[in-house]
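Below, each chain spelled out in residue letters.
Number of protein chains: 2
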Amino acid sequence: MLKPSTRGDQMPASPIRKLVPFAEEAKKRGIKVHHLNIGQPDIETPPSVMDAVKQADIKVLAYSHSAGNESYRKKLVSYYQKVGITLDAGEIIITTGGSEAIVFGMMACLDEGDEIIIPEPFYANYNGFAVMAGVKIVPITSHIENGFALPPITEFENKITPKTKAILICNPNNPTGYLYSKEEMEQLEDICLRHQLFLFSDEAYREFCYEGTYTSAMQLEKIQEQVILMDTISKRYSACGARIGAFITKNKEVYQAAMKFAQARLSPPGLAQILGEAAVDLPDAYFDEPKAAYLSRRNVLVKRLNAIPGVFCPTPGGAFYVIARLPIDDGDRFCQWLLESFSHNNQTVMLAPASGFYETKGLGKNEVRLAYVINNEDIDQAMDCLEEALKAYPGRTN
Amino acid sequence: MLKPSTRGDQMPASPIRKLVPFAEEAKKRGIKVHHLNIGQPDIETPPSVMDAVKQADIKVLAYSHSAGNESYRKKLVSYYQKVGITLDAGEIIITTGGSEAIVFGMMACLDEGDEIIIPEPFYANYNGFAVMAGVKIVPITSHIENGFALPPITEFENKITPKTKAILICNPNNPTGYLYSKEEMEQLEDICLRHQLFLFSDEAYREFCYEGTYTSAMQLEKIQEQVILMDTISKRYSACGARIGAFITKNKEVYQAAMKFAQARLSPPGLAQILGEAAVDLPDAYFDEPKAAYLSRRNVLVKRLNAIPGVFCPTPGGAFYVIARLPIDDGDRFCQWLLESFSHNNQTVMLAPASGFYETKGLGKNEVRLAYVINNEDIDQAMDCLEEALKAYPGRTN
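Residue numbers (my numbering), protein chains in the order written: chain S, 1 to 398; chain W, 399 to 796.
So here's chain S without its partners, still in its complex pose (with noise of 0.2 Å):
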């Protein structure tokens, strides 16, 4: 039988749908699974956006420009200029989620073998996407004793190589939560600007910021033609599965190659599209609800996790997941036991362990990752079964 390719094998699979498999037996075995696995928001996506969709009159639902519809980007262009970000719609190619995004700003800035620098933990797929772009990923670690703040610039200079183009970080940032301050964004900008690099800005969860200012790297004045900003409405609106998301660059060379790659995909989705402007007509005030909710939800996941004893759990500033600390030997192993053989009340909780998120083999081990996207009464449940489960685990450290 034919073989995938090298490539194919070297793709890393998912490192938290590996243990789906065990959350069914759980579910067939009649027990509640309590979901902070992923980040799939339960919030309701804007009946107002849906019914956009709904209303619109389309004879034939034919390719839109491979940019987007025009309609769609001027008015992207105000709701940038709302969250302080002043672009053009010359600016702004509309992607296949935030995804797509990434993979053109990785194709069309980076050539095989090139590096690029992520804080980790980080987003597990950036990996599938470094290896489709044939890119390697120099992971530099941020520690959960300071909340996974920016690790110090100096780290980041011992990094770079010749084959160094690009910086890429999440903020706020998924898994962490860690909101980055101005003070790290400037060093940021200082460093991209010294040494010529790229600096990719995937700022999938702006809205939801808590404390602290939000600064885009965008905003970064001096690199502004360095800067490539991914983002997606899947969190924003609670639309994951729209696919809608933009790149965005001031480079225009950077734009005109990435086109390129957008041209040959012929066009983003089309109703989706639809969605996607519409969103932004709804009043400014529809973030006070969504955000509310998830500031709640954090407050309460972080508190209830800091009173068991022997975890830890710094309280981050935005996105809607935390990495915990607990007294475990392994999070595969304790993830996986969860739903394998523990119950409590015919319940148990699936969280993601956070080694997936780790590029440096052992990091992680007994941390996990918790997206708070369930209501506060199932956070509580999640919390009572998660202590009863670190008192009976086989695994437990001190």
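Each computed DSBU-like pair below joins lysine-lysine, with the alpha-carbon atoms no more than 30 Å apart:
| # | chain 1 | residue 1 | chain 2 | residue 2 |
| --- | --- | --- | --- | --- |
| 1 | S | Lys59 | W | Lys457 |
| 2 | W | Lys689 | W | Lys473 |
| 3 | S | Lys74 | W | Lys401 |
| 4 | W | Lys426 | S | Lys252 |
| 5 | S | Lys18 | S | Lys3 |
Computed, partial: chain S to chain W, Cβ under 10 Å:
| # | residue |
| --- | --- |
| 6 | Thr6 |
| 7 | Arg17 |
| 8 | Val53 |
| 9 | Ala62 |
| 10 | Ser66 |
| 11 | Glu100 |
| 12 | Val103 |
| 13 | Ala133 |
| 14 | Gln226 |
| 15 | Asn251 |
| 16 | Ala258 |
| 17 | Met259 |
| 18 | Arg265 |
| 19 | Ile274 |
Not close to chain S: a few residues of chain W, all C-beta gaps over 10 Å, as computed:
| # | residue |
| --- | --- |
| 20 | Ile558 |
| 21 | Glu581 |
| 22 | Thr713 |
| 23 | Pro725 |
| 24 | Trp735 |
| 25 | Glu757 |
| 26 | Thr758 |
| 27 | Asp778 |
| 28 | Gly793 |
For the record, the hints were derived by calculation from the structure and aren't laboratory data.
Cβ atoms here follow ideal geometry from the backbone N, Cα and C, with glycine treated the same way.
Using the hints, position chain W against chain S.
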């Protein structure tokens, strides 16, 4: 200013889109431009499939399964059964258009530097996907004299090297409209079996075959595990903007590898999957009308073309394209001249220079591709323009 990657520079620009500014200028001067240049059908998207989206009751537009909704994949099994292809749902990955299916195929089956043989002229965007995957396209020239039939299999043999991993065909063909015969498909089966190559089969135009018998690569029994079927609903249901396609293979290891690429980008477009699923329920007779329309247009177009002195156009068996040989020096120059310097009754015609579909430099210079995606009356007017243009064009040859 930071520069794009070498890959970004090498990425080919769309050979069709570069003429767009000239068409826009012509329209500004009040000239009606008949668009025979792109494969965007004018056929109405079936209202019932658009209604399925409108009637969907979605509270949270969540990520779907990375392989696409199971309900949709199960339905597709019945669609494929009707067209003579036996599959199960676990052999299908729903993709973002046919484009993504091709990228998945190249990524999962070929490594950087590997070679793929494609009969030329071929769909120009294969070049872009090959650049993304770092794969080298090795062309084998097909010829207008025999209607762009499959080149002799000895020519394939001669091009096979240790780096050759796959042969790619588009059947029925874009840009030639050629429909491969059962015998030709069996020749491909034989060579793929003997040399252990993948056969990538882009069958986007399956529904539009006018003469002869359509043979899917999936029906080649000796190479069941070597075939990758790349499909799309874009042309089938005139839903190009939906961005729904499919990657299909019976090779379990390749399927697993492709699934990892699918997981990295999370899921295909959600709203459009509803449309795709509803389309499977269209009555079998649905295709009668668009197929009859295309056939009638093909007949008008081919007849008109061959009636123009110095023009030769074979009659293709499928898809909705023809390639015609014109008495001109250079198709790129001629197509630009049509938009820039010519009009007849205040009309002109936009064609695709065929040079962009050939990998071998210098080929196709006196050929153009015409897509019959406009009605017969407009085709007639467009042919009036072309006939007059060929009398007036300064670069006319004999």
